[in-house]
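K.L.:
This is what each chain is made of:
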Amino acid sequence: MSNMLEVADLGHTYGDHEAIGGLSFTVRAGELVCVVGPSGCGKSTLLRTISGLVAPSRGDVSLHGSHLAVVFQDYSRSLFPWLSVQGNVEFPLRSLPRAERRARAAEALEWVGLGGAARKRPWQLSGGMQQRVAIARALAYRPSLLLMDEPFASVDAQTRFELEDLLLRVRREHDTTVLVVTHDIDESVYLGDRILVLSGSPARLVADLEVPLPAERDQVTTRTDEAFVELRSKVARLLNVGKPTMDVEKWAAAERESLSETVSS
Amino acid sequence: MTKFLQRWTVFAGLVVVWQVLGWLADDPFFPPPSKIVTAANEWWVLEPANFTGHVVPSVVRLLSGWVIAGVIGVSLGLVLGRSDRAMEYAGPLLVFLRSIPPPALVPVFLLLFKAGTSMQLATIVFGVVWPVLLNSVDGARSVDVTKVDTSAVFRIPRWQWVLGVVLPAASPKIFAGLRVSLSLSLVLMVISELVGTDNGIGSQLMQAQREFDYTRMWAGIVLLGVLGYGLNTALLAVERRALAWQPRSRDEQHA
Numbered sequence: 001m002s003n004m005l006e007v008a009d010l011g012h013t014y015g016d017h018e019a020i021g022g023l024s025f026t027v028r029a030g031e032l033v034c035v036v037g038p039s040g041c042g043k044s045t046l047l048r049t050i051s052g053l054v055a056p057s058r059g060d061v062s063l064h065g066s067h068l069a070v071v072f073q074d075y076s077r078s079l080f081p082w083l084s085v086q087g088n089v090e091f092p093l094r095s096l097p098r099a100e101r102r103a104r105a106a107e108a109l110e111w112v113g114l115g116g117a118a119r120k121r122p123w124q125l126s127g128g129m130q131q132r133v134a135i136a137r138a139l140a141y142r143p144s145l146l147l148m149d150e151p152f153a154s155v156d157a158q159t160r161f162e163l164e165d166l167l168l169r170v171r172r173e174h175d176t177t178v179l180v181v182t183h184d185i186d187e188s189v190y191l192g193d194r195i196l197v198l199s200g201s202p203a204r205l206v207a208d209l210e211v212p213l214p215a216e217r218d219q220v221t222t223r224t225d226e227a228f229v230e231l232r233s234k235v236a237r238l239l240n241v242g243k244p245t246m247d248v249e250k251w252a253a254a255e256r257e258s259l260s261e262t263v264s265s
Numbered sequence: 001m002t003k004f005l006q007r008w009t010v011f012a013g014l015v016v017v018w019q020v021l022g023w024l025a026d027d028p029f030f031p032p033p034s035k036i037v038t039a040a041n042e043w044w045v046l047e048p049a050n051f052t053g054h055v056v057p058s059v060v061r062l063l064s065g066w067v068i069a070g071v072i073g074v075s076l077g078l079v080l081g082r083s084d085r086a087m088e089y090a091g092p093l094l095v096f097l098r099s100i101p102p103p104a105l106v107p108v109f110l111l112l113f114k115a116g117t118s119m120q121l122a123t124i125v126f127g128v129v130w131p132v133l134l135n136s137v138d139g140a141r142s143v144d145v146t147k148v149d150t151s152a153v154f155r156i157p158r159w160q161w162v163l164g165v166v167l168p169a170a171s172p173k174i175f176a177g178l179r180v181s182l183s184l185s186l187v188l189m190v191i192s193e194l195v196g197t198d199n200g201i202g203s204q205l206m207q208a209q210r211e212f213d214y215t216r217m218w219a220g221i222v223l224l225g226v227l228g229y230g231l232n233t234a235l236l237a238v239e240r241r242a243l244a245w246q247p248r249s250r251d252e253q254h255a
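Those protein sequence lines, which keep their order, are chains A and B.
Note that this note's numbering numbers the first sequence so that position 139 is 139, with each residue one more than the last.
Note that this note's numbering numbers the second sequence so that position 254 is 254, with each residue one more than the last.
These aren't lab readings, by the way, just hints derived from the structure by calculation.
Keep in mind the model is a prediction, meaning the values are calculated, not measured.
Virtual Cβ for every residue (Gly too), placed ideally from N, Cα, C.
Errors might be hidden in some of the hints.
As the list claims (entries may be wrong) - Derived SDA-like pairs (lysine to any residue); straight-line CA-CA distance at most 25 Å:
no.: 1; chain 1: A; residue 1: 120; chain 2: B; residue 2: 161
no.: 2; chain 1: A; residue 1: 234; chain 2: A; residue 2: 21
no.: 3; chain 1: A; residue 1: 120; chain 2: B; residue 2: 149
What the hints assert, rightly or not - One side of the interface only, derived from the structure: several residues of chain B facing chain A at Cβ under 10 Å:
no.: 4; residue: 144
no.: 5; residue: 145
no.: 6; residue: 146
no.: 7; residue: 147
no.: 8; residue: 148
no.: 9; residue: 150
no.: 10; residue: 151
no.: 11; residue: 153
no.: 12; residue: 155
no.: 13; residue: 156
no.: 14; residue: 165
no.: 15; residue: 168
no.: 16; residue: 171
no.: 17; residue: 246
no.: 18; residue: 247
Claimed, not checked - Negatives, chain A to chain B, calculated, CB over 12 Å:
no.: 19; residue: 29
no.: 20; residue: 98
no.: 21; residue: 99
no.: 22; residue: 106
no.: 23; residue: 107
no.: 24; residue: 111
no.: 25; residue: 161
no.: 26; residue: 164
no.: 27; residue: 175
no.: 28; residue: 186
no.: 29; residue: 224
no.: 30; residue: 232
no.: 31; residue: 240
Turn these sequences into a full structure, and let the hints guide you.
P.N.:
And the structure:
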């Protein structure tokens, strides 16, 4: 499989605060990769440098495709209240002829199950539905890479499960390459084909784990699957959950060695 | 209907009180409303030339001044609001210019433009551009970061960024500015007509006063009040339609 995204020695520094310290990884075409790390570890900075919103202090980001889309955590601010749901989905398609724009938006809204809400205003919908509009907008843009920044962190647990399954379905149906940034370990294991585990500030790559789960996943059975539980504990240990005083670097190095059989570079 | 009554009872009551007091006092300086209305009728309705020759030019001046100021204020405001550097340079100048009372500039504009329409327009435009400009700057700055990022990620063309994101995001503030400007336009229209012109409501007002025709003077004042009220109501109606997309607080809580 060809690489869709290559990140090489990416680093970013705000003033004298080092947010990201030399990250290198690749995302293959059609893959769903989750980036998981402790809160405030520079995950958002990583996403902003990949999406081109911030020029990194050093290193390279190369995207093998023309354009990317981002789904932000804060759907209520990311959607435009003066546009209808349809208008929001058409927003990035202004360069296309009107008829095609219409058709693409209608199609994308069908994909996320919002075909009937096209004429509503986003703020008339529930939070989960608003995030689905944001996902439809990103999909209608036909991105080479779909970036998601904590996309389901602002909705309730039930909605979150629905949206996770929706994401898995649409990316399977449309072969979308996705990079999801999250702080939720369970979510990263449930969604990902691969998980990139980051250490705390500055963000460094601690592990690059394949997820040994079948493509078809289910909120109940997958989450009780032995492989799921095992990987979740592994990620939690890597993230140093409950051991805040440990030296992350040293500990991570040791952990990386012990995990070498499952770590793919 | 009850709301209508509620809104107008006090107003109508005062008119009645004034009417009665006017009758009783029989003072030439304070004629009762009935006389004022009769004078207004004689002046503008029975003599349409007076209406087309004075009231219409005044309204045209007021509206064109306001529209010019609106276009300048909004376009300049959006540019300045989206550029911190431009605002750093222009900020002190704007605050200084805004602090000058516009009537004080009437002599300057008289020198520059001679008496007449251009001088009157200049007075109105200079006087009313500030609320629109400063509100537009404020509104353009209020585009939240997530929308800026969203627009940047989708690499939308520049015109769509300005007209499709910054302008609508700033529009609530812009309308607030336009409303202040509209009432100011009325004030400056009158002031600009007090000197060096022989047509317009303002000049008629001065003339009536000079001729000790206080009933007509009052008719002019009432006409200005009606005009201001009508324009504001019309603008509010436009604003309600243009800003209909704004989430109403109840709906927002529901979502």
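K.L.:
What are the numbers of the hints that this structure violates, sorted from low to high?
P.N.:
Structure breaks no hint.
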